[in-house]
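Protein chains: 2
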Amino acid sequence: MVEQTIPNWLKKRTDLTPDRIAIHFRDSSITFRELFYLAVKTAGQLSEVGLKKGQFAGVLLRNHQDTVFILLALQMLGIKAVILNNRLTPEEIIWQLNDSHSSFLITEEAFDGHINEITGKINDLPIITKQNLFQKKGSSPEILDEYHMNDVCTVMYTSGTTGHPKGVLQTYGNHWWSAIGSALNLGLFETDTWLCAVPLFHISGYSILVRSMIYGMTIVLHESFDEHETIKDIQKYNVTIMSVVSVMLKRMINSLRDKTFPETFRCMLLGGGPAPLSLLEKCIEKGIPVFQTYGMTETASQIVTLAPEYALSKLGSAGKALFPSEVKIVNSTGEKAAPFEEGEIYVKGPNVTIGYLNQDQGTKDSMQNGWLATGDIGYMDEEGFLYVLDRRQDLIISGGENIYPAEIEGVLLSHPDIIDAGVTGLPDEKWGQIPAAVIVRSRRSKLSEEEVISFCTEKLAKYKVPKKIIFVSELPRNAAKKLLRRKLPNLF
Amino acid sequence: MVEQTIPNWLKKRTDLTPDRIAIHFRDSSITFRELFYLAVKTAGQLSEVGLKKGQFAGVLLRNHQDTVFILLALQMLGIKAVILNNRLTPEEIIWQLNDSHSSFLITEEAFDGHINEITGKINDLPIITKQNLFQKKGSSPEILDEYHMNDVCTVMYTSGTTGHPKGVLQTYGNHWWSAIGSALNLGLFETDTWLCAVPLFHISGYSILVRSMIYGMTIVLHESFDEHETIKDIQKYNVTIMSVVSVMLKRMINSLRDKTFPETFRCMLLGGGPAPLSLLEKCIEKGIPVFQTYGMTETASQIVTLAPEYALSKLGSAGKALFPSEVKIVNSTGEKAAPFEEGEIYVKGPNVTIGYLNQDQGTKDSMQNGWLATGDIGYMDEEGFLYVLDRRQDLIISGGENIYPAEIEGVLLSHPDIIDAGVTGLPDEKWGQIPAAVIVRSRRSKLSEEEVISFCTEKLAKYKVPKKIIFVSELPRNAAKKLLRRKLPNLF
Chain A
1 MVEQTIPNWL KKRTDLTPDR IAIHFRDSSI TFRELFYLAV KTAGQLSEVG LKKGQFAGVL
61 LRNHQDTVFI LLALQMLGIK AVILNNRLTP EEIIWQLNDS HSSFLITEEA FDGHINEITG
121 KINDLPIITK QNLFQKKGSS PEILDEYHMN DVCTVMYTSG TTGHPKGVLQ TYGNHWWSAI
181 GSALNLGLFE TDTWLCAVPL FHISGYSILV RSMIYGMTIV LHESFDEHET IKDIQKYNVT
241 IMSVVSVMLK RMINSLRDKT FPETFRCMLL GGGPAPLSLL EKCIEKGIPV FQTYGMTETA
301 SQIVTLAPEY ALSKLGSAGK ALFPSEVKIV NSTGEKAAPF EEGEIYVKGP NVTIGYLNQD
361 QGTKDSMQNG WLATGDIGYM DEEGFLYVLD RRQDLIISGG ENIYPAEIEG VLLSHPDIID
421 AGVTGLPDEK WGQIPAAVIV RSRRSKLSEE EVISFCTEKL AKYKVPKKII FVSELPRNAA
481 KKLLRRKLPN LF
Chain B
1 MVEQTIPNWL KKRTDLTPDR IAIHFRDSSI TFRELFYLAV KTAGQLSEVG LKKGQFAGVL
61 LRNHQDTVFI LLALQMLGIK AVILNNRLTP EEIIWQLNDS HSSFLITEEA FDGHINEITG
121 KINDLPIITK QNLFQKKGSS PEILDEYHMN DVCTVMYTSG TTGHPKGVLQ TYGNHWWSAI
181 GSALNLGLFE TDTWLCAVPL FHISGYSILV RSMIYGMTIV LHESFDEHET IKDIQKYNVT
241 IMSVVSVMLK RMINSLRDKT FPETFRCMLL GGGPAPLSLL EKCIEKGIPV FQTYGMTETA
301 SQIVTLAPEY ALSKLGSAGK ALFPSEVKIV NSTGEKAAPF EEGEIYVKGP NVTIGYLNQD
361 QGTKDSMQNG WLATGDIGYM DEEGFLYVLD RRQDLIISGG ENIYPAEIEG VLLSHPDIID
421 AGVTGLPDEK WGQIPAAVIV RSRRSKLSEE EVISFCTEKL AKYKVPKKII FVSELPRNAA
481 KKLLRRKLPN LF
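Residue numbers (this note's numbering), protein chains in the order written: chain A, 1 to 492; chain B, 1 to 492.
No lab work stands behind these hints, which were simulated from the structure alone. Model, not experiment: these values are computed from the prediction. Hints may contain errors.
If several chains are the same, the list does not tell them apart, and a pair holds so long as it fits within one copy or across any two.
Unchecked claim - Derived lysine to any residue pairs resembling SDA-like cross-links, with alpha carbons at most 20 Å apart:
#  : residue 1 : residue 2
1  : K462      : E450
2  : K11       : F385
3  : K328      : I143
4  : K11       : E383
5  : K336      : L144
6  : K467      : R486
7  : K314      : R33
8  : K467      : W431
9  : K121      : H101
10 : K11       : P339
Looking at chain A on its own, in the form it has when it is part of the complex (with noise of 0.2 Å):
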């Protein structure tokens, strides 16, 4: 048996469709020619300061046409690019370039502070710039014409419940799987445009790369989110789909006021955690379509997402896994669960990593037969439909009772004066952990802790109502705008 190879995607798609638009990027747009021109004058220039196939490469970099190649040059390259995330702390970066074995990192000037903290701590680590690299000359480099589908293309960190973050291995296979996956269930246009203004360095973004290659589509790449700018490409390139996560679609939402976007638009793709109903609403009212999906860095992006002709009837739902992929609920006895009874996700398929890096016991701990124990808990409905209620290490448990904070914050984000909201549990004596919530107010409102905790009360059991809140001018978010739940007990 030959094993499976594919012709090199930026190549491929190259030869098949040279002058369609890659990538629009502040005022410029680079064909897939100029990208794979590009991407292989930054090969030869990795190449020439010493990069060699096999290697693994920290990769420090913010979202910027300058980024995409050199991660693509590095994927050509065959070097397991270890993306950082931006918003490290140059100790943390130090554990992951450690862990990792990396043999270079990558990184632009705008990390200098970074970049003198970080220098000496690891023995011999060349650190380049890429305002040093794309001076170089350039080698020859050696380009891979095809990839092998079980070799490893990237590395993320994630952090587990407990301990050190883990390396998830992301193989050339699984960023196929995952790109295939996504069409077959989003269907596939000639003339779709993904808007990117999630990070790169989030598998939310780097797949959208890859995506872009494999179906010939273009990228309109932001720098950060911002609502009004989101709006205006996504009208000025006629944006078909575009990743979102809860709190950047309300920014939208509230932005948009009488406007809504272009009937081209056809996907928002949500994913990042269960999305509060009052949204959805909004959003359906707006006419724009919102796909629910869930997903991590071990699936490669999306597994499992809400077909269209679900979209009202099965509201709340993150939907069923992706065609070439398997769900299923493991209950607390080890059994697959039967429907609307609580337990853990597994997740199975062709696009869910191998394993951790150097993780042999983490690895085994966490999959088994293909299938990888999510640690996240929800429940099935009688056609199969997954509901995601909770990542496991935020289940709030109080008086023997489980309270998953998603549930609760939906309630909160439809008070027309919360515009943000996050909740966790705090110790208690007496019932062992209570609800307590943390509130961004609207600008002018003097919305008082009693009034937020009458609302709820009409609209929850009392033990899922906050039995502590405080007011705050902005949530702990993560670069991708994912609410760090963990941090919110230190706000108390």
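We have chain A already, so just place chain B on it with the hints.
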């Protein structure tokens, strides 16, 4: 490494979009839910009569929804379907059933004449008609939950340049990747509806079945091709894609007169050999988007297709290899050919067969490092677009059916009065080409044209029987006595 699996296609599709129409056939419409139910029921009936996972089973069935139930039941049971061309003679059928060690023949009463001639000719071979099968109560079948990509799903016989036909092994993975490659090229719309008026026993028809399940796409299934019915149903069902060969397309164009297709019709997928420029030009006039393709049984349908942006500028080209696949030209010295240099066409990709059934040597001869030598002749232009000049020099394509001169010559030479014989294709207005034979009789033989035709009709499918015959005293051969087939047409 866990071996690559994929969920059972029909089961998964039914889980995702149960209420979409899977098949329109005559006046009935079947949803995926119903199709799954009927295919499982059929699987139970096949189990009851004794078919078991891993066996080979001959299938001699006409285009009909019943055929779909049976083919999908076999697929879900893990039984390798040896799909027999409906035009084969009983002798040819017996040969293929023996060669494949088929444990059963599943057929229908329409083939009663054949059944009578086959019965008793193969040791213990049970012959089951669908009419009998569908009367069984059915046992509880063991449906596969997952398909292994490397397992053989179907076998289709093709004649080579010499001797007997060879059974092409098509894995579940071959079919899967073929569907994916096609979608990445043609795009994928939720409203896609594919009209199938090509035989399900050909890869052109069977591949539409596979796409239907993987895409969640409706098929309009016809029992046979009729230009008027086709045009009617394209309107009635808002067909978006149809597979044709030149002769079908020509008849449709002639019948259309002043009319054209609805705007939603987006792809006329034209395979089965090079198309005449005049036909392509007429289609452009009528606004019918023609996608020329090149493919074969060994590539599980298309492998090279002309992308929409080049439909006009590269008229006459078959295009470029689909995203997951590769194509190259090898010249007479065994090197990769230069642009415009003619040579043999080689193909590679996950849709390419793993080899021929029970033909280790034949497989080795045709395949090296995953590259399949097609035997077809062509060249690439400076931009890498493939132009197919001719199929295997001597291959005759008549109404989309492949005819191999060697096979007909073999039959002719088995006649006691025939000393030598050469077969070639002659141009024909209606069929593109027709087979014609040049024969050397034994000295005192008075063998007539009619007698030769009647002799062939007993042993060969009708489309293979020579339509013109001439008698000569000697065939054109080179010094090594190799038949110079290209000189045969001049003799007519």
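Each hint, compared with the structure:
1. K462 to E450: Classified as within: same-chain Cα gap 14 Å, cross-chain 88 Å, threshold 20 Å.
2. K11 to F385: between (39 Å within a copy, 15 Å between copies)
3. K328 to I143: between (40 Å within a copy, 19 Å between copies)
4. K11 to E383: The answer is between: 13 Å across copies meets 20 Å, while 42 Å in one copy does not.
5. K336 to L144: For K336 and L144, only the inter-copy Cα distance (19 Å) is at most 20 Å; the intra-copy one is 43 Å.
6. K467 to R486: Classified as within: same-chain Cα gap 18 Å, cross-chain 81 Å, threshold 20 Å.
7. K314 to R33: between (43 Å within a copy, 19 Å between copies)
8. K467 to W431: within (11 Å within a copy, 82 Å between copies)
9. K121 to H101: within (13 Å within a copy, 68 Å between copies)
10. K11 to P339: Result: close only across copies, 18 Å inter versus 46 Å intra.
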